[in-house]
Amino acid sequence: MTTVKTRNEIRFILNSEDVALGDVAPSETLLDFLRLKRTLRGTKEGCAEGDCGACTVLVGRLSGGKLVYESVNACIRFMGSLDGCHVVTVEHLRGENGNLHPVQQAMVDFHGSQCGFCTPGFVMSLYGLWMKSPEPSDAEIEKALQGNLCRCTGYEAIMRAARAISDYGKVARDPLLAERRAVTARLEALKDGSRVEIGAGKSRLVVPADVDDLAAVLEAEPTATVVAGSTDVGLWVTKHMREIAPAVFIASIDGLHGMSEDKGVITIGAGVTYTEAFATLAKRIPALGPLFDRLGGEQVRNMGTIGGNIANGSPIGDTPPPLIALGATLTLRKGTVRRTISLQDFFIAYGKQDRAPGEFVEAVHVPVPAKGENFAVYKVTKRRDEDITATLGAFWLTLAKDGTVAEVRIAYGGMAATPKRASAVEAALVGKPWTEATVEAAMAKYAEDFTPLTDMRATAEYRALAARNLLLRFYMETTGTKAPLQVSRYEAA
Amino acid sequence: MTEHTPNLKAAKITGGVATDQRHDSAHKHVAGTAVYIDDMPEPAGTLHVGLGLSNVAHGTLKNVDLSEVRSAPGVVDVLTYADVPGENDVSPSGMHDDPVFAQGKVQFHGQPIFAVVAETREQARRAARLAKIEYEELPAIISIWDLDTEKDKQVASPLTLTRGDAAAAIAAAPRRVKGRMKLGGQDHFYLEGQISLAVPGEDDEVTVYCSTQGPSETQHLVAHVLGVPSHAVTVEVRRMGGGFGGKETQANQCAAIAAIAAKKHKRAVKVRLDRDEDMTATGKRHDFAIDYEVGFDDEGNILGVDYIFALNAGFSADLSGPVGDRALFHCDNTYFYPNVHAKSAPLYTNTVSNTAFRGFGGPQGMVGAERVIDEVAFAVGKDSLEIRKLNFYDPMGAPGDRNLTPYHQKVEDCIIQRIVAELEESADYARRRREIAAFNNNSRFIKRGMALTPVKFGISFTKTESNQAGALVHVYADGSVHMNHGGTEMGQGLHLKVAQVVAEEFQIDLDRVKITATTTAKVPNTAPTAASSGADLNGMAAQDAARQIRKRLAAFAAEKYQVPTDQVVFLPNRVRVGNQEISFNDLVKQAYLNRIQLSAAGFYKTPKIHWDRAKGRGHAFYYFAYGAACSEVSVDTLTGEYVVERADILHDTGRSLNRAIDIGQVEGGFIQGMGWLTTEELWWDGKGRLRTHAPSTYKIPLASDRPKIFNVALTDWSEAYEPTIHRSKAVGEPPLPHGMSVLHALSDAVASVADHKICPRLDAPATPERVLMAIERLRAEAAPKK
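Those sequence lines, one after another, are chains V and G. To convert, note that position 462 of the first sequence is 462 in this note's numbering; the numbers rise steadily by one, no gaps. To convert, note that position 78 of the second sequence is 78 in this note's numbering; the numbers rise steadily by one, no gaps.
Treat the hints with caution; some may be incorrect.
[Claimed, not checked] Straight-line Cα separation of at most 16 Å, EDC-like style, residue types lysine to aspartate or glutamate; simulated pairs: (1) K202(V) - E221(V); (2) K37(V) - E42(G); (3) K757(G) - E781(G); (4) K334(V) - D212(V); (5) K382(G) - D298(G); (6) K432(V) - E407(V); (7) K708(G) - D138(V); (8) K239(V) - E277(G); (9) K708(G) - E140(V); (10) K687(G) - D455(V); (11) K264(G) - E205(G); (12) K37(V) - E119(G); (13) K37(V) - D39(G); (14) K62(G) - E136(G); (15) K28(G) - E91(V); (16) K551(G) - D566(G); (17) K191(V) - D18(V); (18) K445(V) - E461(V); (19) K28(G) - D109(V); (20) K105(G) - D65(G); (21) K105(G) - E134(G).
Bear in mind the hints are in silico, worked out from the structure with no lab data behind them. Please read all numbers here as calculations on a predicted model, not as lab measurements.
Turn these sequences into a full structure, and let the hints guide you.
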């Protein structure tokens, strides 16, 4: 095994300043660092769980050599994941002459703040959007703001401000974009191919140099907590005060961010974020686009990974059911040994997955539905956006020439202790004519497949009812009916 | 030094009343430089607190072992009830039922038992988890739904309102309907959680920087808990990151804990709750069970109505008595009831003690009224809007006698007819009603619904002594003004509005008026900033203070320049004295040199109001604010999911002091009210644990929950019937119940599955689940019986 260089500090840029920290606890959050150690108190804590967005900052990182800035939640972002990044806080927005930034001035002029506590977070989210899309549509604005809660304004004034930002200044003149080349060079200089190791025991933190190094680290320390987007692990710390050391931070490993397609199968690296995956998946498997738009808020999608969503084995993770329905497989790696299993077999029981100590999810392989393969996924929640699934159904189906069901895979989240296939329902469909009568008969079989729970998101009765109705929606959709089948935010129903 | 150069030729000052000024702190909000309490630089050696909360809903404390907590890293002290120097109580209602720390027993899951004081917040929070507490669990009441409003324990005395003979009128009515409604509570979800920073002073003194809507009450309760006179305690707040009623009384406990620790250790102490703790341990909007019976004629005229408003007070009184009262005060909404009987029942449960929340029971009363309207409409087969109009109070100035409220106050300023007529027109109600019917006929799964609901909201504290306010205005020798009053800023733009009033009074530009932090040391014995009263009360008090100074300046000028006082006229940034004009700054300078007092304390008390609770009679409100909202929704009948297609609101703020601020209040109030009645669901498990204690599980509206089309307008013709501050009207609470239009639009869509023959009785919050279950129920009821 090749030995890698090690370094005992993380290095990043904070606004204008180069920062090197040798004293970083694995559980130290960016928010606490900013507020307590740097007294940069424009960034607020609203919930400490990545849901309200009051702590939104931008993190710039090199993605395929290109510098991208994304909004993230500082409250659940660990310092260990910032190696090689550029952290931009609200304090960095004001020009040197003290003038407000166009985003800020628009928010002032359109009365976008009332109590003002959520405002820096909104400003940062809108700033992140504006850099990518200077003339955003309402849909884009709302999507960018899904992870920002405001309790005062009712959002209307913020929307007015968001539409008007470009009237206050041109993106091209924005300082971050103007300095892009210099910052890129600085960040490249930070990437020295080293493994970062800080502390020991309860304070041990590792940032592997690359994927092979990750494999080596996990083989040596099989009980380590693998931290990718920290959209779940973050809460273990902020809410449950769990120890996560030794913690291995993988967000910055370039080798896990790859996406490729070969022979109709898309391979997604375990570190690919929802945001990174979106464009490709929404284009190749269009039904996944609307699902990804409703998964977390923008900050969570910028941090969270598909690999993490699978690896943590949650019964309410939103990507496993559709990926199971699509027939996805998973590559697991331990040291230099890899194995590939069907995704559905990965989930054994609640909290139990087919993953050995020291083994990690390296990639997921997703077959793209071919012509004639019907695929849909529907998420049902209390609040449309940025909510955790009550029930989520994914459907993949092919018909024989005679109009009977040839093959079908139906998988659900929120209905059992793991993401789970609806085998009895599938059995009631296969070989039958794909008609409403068949569907109705199959709907009666849900009770054999699922005994859902009652909790704060939904009662068992509702889950059961909504889940089986989703099959009817899927059927109607395959009939090509023009009648509206879902309420829609962006089109008249 | 920067020299101020006022425009001495201006025809108008900048920033007077009735101008659209931006929030005074907006430029700081957006830059992250507006200082909230957690942003203040901590004094050296500041300690931090973590709370130890009860793990059971009801039980006696058998053994509280805190030894591991005490020995945890960084821990300086652990406080329990035994460390409270004064009384272990922060009850705002004098009921002595709100312990700072549980003593002997716990009465809800999440009740504070102890506080860890440590060098860092993280150490305090970690240590708090190490407590070993043995409880002897007792039976716990988690919900009011099955309680008996006659027999079960109530935390405060109920109120009954009676006019006429409701029972007889209902019995004699051609038609009758009886029903029950479940109406959920609501968490405030202010973005800034509860926080206090206490800094000890000399002797018995302490200063508490506290995110509180009621600094005077916080001061008095901290003094009570410390066992010192109120003069030893100063409470200060520059701004809150949202309040909504949640910091009217609920700030007091954290303030008290911070003060106790600060005095004991002679170090500054900060208490900042984590979001989960905040939602678990502090009170919310009351959930209600509303029983109603209504008698009416075939046209839909209400003849008599009987209500029982049972509310979940939680384990202590807090403000539950008055909240129940206000529900009754609004159970008429905009409707005249010829005969009415209504009673409240603030019931004891083993849940967190519920408290003030924007509307203070009023919205719950209105929701009850609107359900009754719906019942009548379905019974007689008419559009609900027709029934609403049929039962409105008489309009202002009309000769009729349909204007007496259930509490025997005459409604003298009713403008709901005009508002509804204008809104019907601007929202194109009739055409859309037809289009929706056509759409629903052709759409199997998606159904649309629409509703137009009115609002009448009574303005004044029903606790008479709260209707007073003070202000302190200084004019410095350079002509700049320092303004202070008893109201607090929580985002509503109160300081700005009061500053506009002061600028107007002196006729100086708004930027000459400095807004300063609310502090009990400058203005004493103030009411909490609540009941929408902030600008009404404090604007008047500040105006009074400014007028006193202006009068002195005028008298001085008249004397000095030997002109009659009426020849001293305050013009923009200048004063005309006889034939000459002097800048305001120069006149002030001259007045100072001539030893004129340039500081004044202002005062105001609301006239006319009185209220006899025992008799249920009085002029409880100085005036009413009105408005109406029309919302349209699309509902997926397979899942119950919905979107709000459009909402139109017309709202009355009298002669608005600042329309931009008021529009923001209306928009925000509507969305907050909509959230309450749709996706915001508080869910307790069988053990009495609140399981929706964070934004991941408790869902307030997002930007993408806004109506797709959202038209908000203020009446440009109305003015307050009474001489309020510049004839403006209060705006904090009245817009919140506009959210009812969404609930009723959902109900309308649900009703379409049974051809609008059955009242859906859609309870709230109308989550997609409740909507789908109502659809299923209606389908089953409408299906031909086998």
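Here is what the structure says about each hint:
With a CA separation close to 13 Å, the supplied pair K202(V) and E221(V) stays within the 16 Å bound. For the hint linking K37(V) to E42(G), the alpha-carbon distance of about 13 Å falls within 16 Å, and the restraint holds. Of the pairs offered as hints, the one joining K757(G) and E781(G) holds, with about 10 Å between alpha carbons and a cut-off of 16 Å not exceeded. This hinted pair checks out: K334(V) and D212(V) have alpha carbons roughly 10 Å apart, not beyond 16 Å.
Between the alpha carbons of K382(G) and D298(G) the distance comes to roughly 10 Å, so the proposed pair stays at or under 16 Å and holds. Between K432(V) and E407(V) the alpha-carbon distance is near 11 Å, which keeps this suggested pair within the 16 Å criterion. Between the alpha carbons of K708(G) and D138(V) the distance comes to roughly 10 Å, so the proposed pair stays at or under 16 Å and holds. For the given pair, K239(V) sits about 10 Å from E277(G) by alpha-carbon distance, which is consistent with the 16 Å threshold.
For the suggested pair K708(G) and E140(V), the alpha carbons sit about 14 Å apart, so the restraint of at most 16 Å is met. Proximity of K687(G) to D455(V) is assessed by CA-CA distance (about 13 Å); at most 16 Å being required, the pair is judged to hold. Our distance criterion of 16 Å between C-alpha atoms is met by K264(G) and E205(G), whose separation comes to about 12 Å. Taking the CA atoms of K37(V) and E119(G), the gap is near 15 Å; set against the 16 Å cutoff, the hint holds.
Only pairs whose Cα atoms come within 16 Å are accepted, and K37(V) paired with D39(G) is accepted, the gap being roughly 13 Å. In summary, the hint linking K62(G) to E136(G) is supported, as the alpha carbons are separated by about 6 Å, within the 16 Å threshold. A hinted pair counts as satisfied when its Cα atoms are at most 16 Å apart, and K28(G) with E91(V) qualifies at roughly 11 Å. Simply put, K551(G) and D566(G) have alpha-carbon atoms about 11 Å apart, close enough for the 16 Å limit, and the pair holds.
For the given pair, K191(V) sits about 13 Å from D18(V) by alpha-carbon distance, which is consistent with the 16 Å threshold. Taking the CA atoms of K445(V) and E461(V), the gap is about 15 Å. The hint holds against a cut of 16 Å. With a C-alpha separation of about 13 Å, the suggested pair K28(G) and D109(V) falls inside the 16 Å cut-off, and the hint holds. Proposed proximity of K105(G) and D65(G) is supported: the alpha carbons are some 15 Å apart, at most 16 Å.
For the hint pairing K105(G) with E134(G), the CA-to-CA distance comes to about 11 Å; that is within 16 Å, so the pair holds.
Every hint, counting from the list given before, is met by this structure.
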